[in-house]
Amino acid sequence: MVWLVLVTATLVSWSLRAIGLAVLAVAFVKVRLVGLYFMELRTAPVPLRLAFEAWVVVVGAVLAGLYLLGV
Amino acid sequence: MSAVATQERHLPGEAGVWVVILGELTLFAAFFSAYVWARGQDPTVFRASQEHLSQGRGVVNTLLLLTSSLCVAAAVRAARAGQPRAARPLLLAAVGGGIGFLLVKVVEYHALFAAGFSPATNDFFTYYFVLTWLHLLHLIFGLSILGFLSRLVGKDELTARELGYLEGGGCFWHMVDLLWIVLFPLLYLVR
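Line order of the protein sequences matches chains C and L.
Position 31 (the first sequence) corresponds to 31 in this note's numbering; numbering is contiguous.
Position 178 (the second sequence) corresponds to 1178 in this note's numbering; numbering is contiguous.
Just so you know, the hints here were simulated from the structure itself, not pulled from any lab data.
Because the structure is a prediction, the values reported are computed rather than measured.
Please note that a few of the clues may not be correct.
[Stated by the list, open to error] The following label-pair restraints were derived from C-beta to C-beta distances:
hint	chain 1	residue 1	chain 2	residue 2	range
1	C	19	L	1164	39 to 47 Å
2	L	1155	C	17	52 to 60 Å
3	L	1014	C	10	49 to 57 Å
4	C	5	L	1033	29 to 37 Å
5	C	10	L	1164	50 to 58 Å
6	L	1122	C	57	31 to 39 Å
7	C	8	L	1103	39 to 47 Å
Where is the CB? At the ideal position from N, CA and C, for every residue including glycine.
Same shape as in the complex, but just chain C (with noise of 0.2 Å):
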């Protein structure tokens, strides 16, 4: 009984967790979109590019990160 608990638990906040990082992930694919196509970063010069690139990985996955720590 209690090890069904233990499982279901287990089980409950692993896919609370993931459903977390997948809207995470989402949100970031909508952030690239907006600012490749409407920001029109896509024909920018690179550098601009790549500035924005970075941030959208580097923000993404300190949020990713830090969610997991806290779930």
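Given the coordinates of chain C, assemble chain L onto it according to the supplied hints.
Frame of chain C; chain L shown alone:
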């Protein structure tokens, strides 16, 4: 990236606009990180507090800003194609989307205050009110830029400098949209 030759690359707006935008993005990255870190300190309270936000309002506001951004992007294209007058209704539609966002936010703040929540309720609501308020200030500033731009395009031809204003102001507006795209899931969805 290398598919586009260097001479075809184009900086949207003036360099100063990008200093501001990258600065804002960095600042908000710090705020987002602080929020996610604080959430990890007390996930139970954050989760329980998030239940009191309306995800529906968050979705409506996301759709309003995305559509508004699309209108601005279309306005820039129209002006660039030598049709600045055609950009005007698009910019006004974008302003409409921004005002819609503002109204939904006011309704949400009102509903939360009426239900007894305030920035002092707990850490979640402190972050919620501070972050959404900061974002709203940028949105209001962005609306005034769009207002200025909609006057600017009321002529047959734009100078290169004026087209730059339109691009730069447009990018600021896209930044408001972009920040909300991160803020919305952080505050409303990620539990």
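Now for the hints, and whether the structure bears them out:
1. The hinted range of 39 to 47 Å is satisfied by residue 19 of chain C and residue 1164 of chain L, whose Cβ atoms lie roughly 43 Å apart.
2. Checked against the hint of 52 to 60 Å, the pair residue 1155 of chain L and residue 17 of chain C passes, with Cβ atoms roughly 55 Å apart.
3. Taking the beta carbon of each, residue 1014 of chain L and residue 10 of chain C are about 54 Å apart, inside 49 to 57 Å as hinted.
4. For residue 5 of chain C and residue 1033 of chain L, the hinted distance range of 29 to 37 Å is satisfied, since their beta carbons lie about 34 Å from each other.
5. Between residue 10 of chain C and residue 1164 of chain L the beta carbons are some 56 Å apart, a value that agrees with the proposed interval 50 to 58 Å.
6. Restraint check, residue 1122 of chain L to residue 57 of chain C: a C-beta distance of roughly 32 Å satisfies the suggested window 31 to 39 Å.
7. The hinted window of 39 to 47 Å between residue 8 of chain C and residue 1103 of chain L holds, with their beta carbons roughly 43 Å apart.
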